[in-house]
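> As a plain string of letters, each chain reads:
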Amino acid sequence: MTAGPTPLHRSLAIQARVILALLMREVLTRFGRHNIGFLWLFVEPMLFTLAITAFWTVARGSVLSGLPIVAFAVTGYSSVLLWRNMPSRCCNAIEPNLSLMYHRHVKVIDIFSARILLEAIGATTSFVTLMLAFGAIGWMRAPEDILKVILGWTMLAWFGAALALFIGALSARSDLVEKIWGPISYLLFPLSGAVFMVEWLPPKAQELILLLPMVHGVELLREGYFGSMVHARYDLSYMTFSCLSLTLIGFALERIASREVIPE
Amino acid sequence: MIELDGVVKRYSTRHGSNTVLDGVSFRVNPGEKMGILGRNGAGKSTLIRLISGVERPSSGSITRGMSVSWPLAFGGAFQGSLTGLDNLRFICRIYGVGIQDKIPYVQEFSELGRYLREPVKTYSSGMRARLAFALSMVIEFDCFLIDEIIAVGDKRFHDKCRYELFEKRHDRAMILVSHQAHNIREHCSKACVLHNGAFHEFPDVESAYLFYNENC
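These protein sequences, in sequence, are chains F and A. Just so you know, full-length UniProt numbering puts 200 at position 200 of the first sequence, and the rest follows in order with no gaps. Just so you know, full-length UniProt numbering puts 74 at position 74 of the second sequence, and the rest follows in order with no gaps.
Just so you know, these hints were derived from the structure itself, not from any lab. Where is the CB? At the ideal position from N, CA and C, for every residue including glycine. One or more hints might be untrue.
[Claimed, not checked] To list a few chain F residues with every Cβ distance to chain A over 12 Å, as calculated: (1) THR29; (2) ASN35; (3) ILE36; (4) PHE42; (5) ILE137; (6) GLU144; (7) GLY182; (8) ALA205.
[Stated by the list, open to error] Pairs of lysine-lysine, BS3-like flavour, derived with a Cα cap of 30 Å: (9) A:LYS102 / F:LYS107; (10) A:LYS190 / A:LYS168; (11) A:LYS102 / A:LYS160; (12) A:LYS121 / A:LYS160; (13) F:LYS107 / A:LYS121; (14) F:LYS204 / F:LYS148.
Using the sequences provided together with the hints, build the complete structure.
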């Protein structure tokens, strides 16, 4: 008999197991076994990005302020999908999973983690596949500084995960959150740095737009991709601080939500 | 052993807070079988859920010194859009046990045939009950929490459940909620009564029923 708290390494093993189980389950319930099944995980974001890329190319020609439009659209829209889909999937994520919480090990944080992880995998695979595919046919060049691209992408993923935690936990408290998050996420898309470089804006607007944490991530990503072709404006310490704060608030809200949740 | 110490559970309702359990303390030793009596809404299921760890007490502590099952009840804990087999996989993954050797058992016990590979939402209530019970027996626990378990199904199914639970696993601890007195009389060595949030423990089942019939 082992009374007392479970040792940390066992707790971590249990958590990893539960998140993996939820992940597999999520893939099945969302994409099913029909046609291409789980491939939809990244084909769906890829189609979105392709549609946006095609639209921009038609609307604005192949070059935008000296930047190749395909690479600009792919880096921009992939970033949006990364930070926006995680919160959207975590919004009202608890309710459809209530029956699974009959199993003690399944906690609110696991449900969020599984969904966040799945979105991150989907968005990343879509981004990498598009880069490789467009690279192969010569529409996109390889990134100038791959490490900067990875850092920018990781920061955006962190921001998305923290926002997902925040929105997800908040949505457990009120139905209003889902209704408000929808319009906000649409409004944030054009403001998120996906469709412009900060330096194109008037100085006053630059200051305001740089209040949004994800803008810094997109700028960093683009600097990594285009190198000296762009003048990126970002402040990594500001973004880190924002993400850290949002993560802490998110965890606190998640803690409250997990105390109050009543499984079916 | 499982030990509850001063467990209180309150739910907030529109009319203020509702205290369902008010200071429940008891202990269940390995192999011990305890019945819980109480009227509808007395807090029996809430108590079971607290012991299983599905919900947390508002105050007080619950110590689980042995492995405790989830609240075994018929019908619940399914993903309707997934197949029976997917649900089995999910449970095996969560509890970290291999699945291959469990499939034949579930197949045989649930008598679902090819329906094991169909979505659970297409099942009849009897099929669901059979699957739920088969899945419950896939993971071994030191203590089983049973919430009104034998409420549906035909006699053959009841007999099978009885054999699996009370004969094959007679050495385990069990906490049993049932409105059917014969279930508790037959399987439990002691019983307790939940009444107005208070917990009354009795050394034997008959005295618990005496109290229950007089007061509840």
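> Now tell me, hint by hint, if it's right for this structure.
Right, here's what the structure says about each hint:
1. THR29: At about 5 Å from chain A, THR29 of chain F fails to clear the 12 Å cut-off, so the statement is violated.
2. ASN35: The claim stands: ASN35 of chain F keeps its Cβ more than 12 Å from every Cβ of chain A (closest is about 16 Å).
3. ILE36: Per Cβ check, ILE36 of chain F is outside 12 Å of chain A; nearest 18 Å; holds.
4. PHE42: The assertion about PHE42 of chain F holds, with a minimum of 22 Å to chain A.
5. ILE137: ILE137 of chain F is indeed farther than 12 Å from all Cβ atoms of chain A, at 39 Å.
6. GLU144: Holds: least Cβ distance 42 Å, greater than 12 Å.
7. GLY182: The assertion about GLY182 of chain F holds, with a minimum of 24 Å to chain A.
8. ALA205: The claim holds: ALA205 of chain F sits with its nearest Cβ about 46 Å from chain A, beyond 12 Å.
9. A:LYS102 / F:LYS107: Measuring from Cα to Cα gives roughly 25 Å; hence the hint holds.
10. A:LYS190 / A:LYS168: holds (20 Å)
11. A:LYS102 / A:LYS160: holds (17 Å)
12. A:LYS121 / A:LYS160: holds (24 Å)
13. F:LYS107 / A:LYS121: holds (24 Å)
14. F:LYS204 / F:LYS148: holds (27 Å)
Of the numbered hints given earlier, the model fails hint 1 alone.
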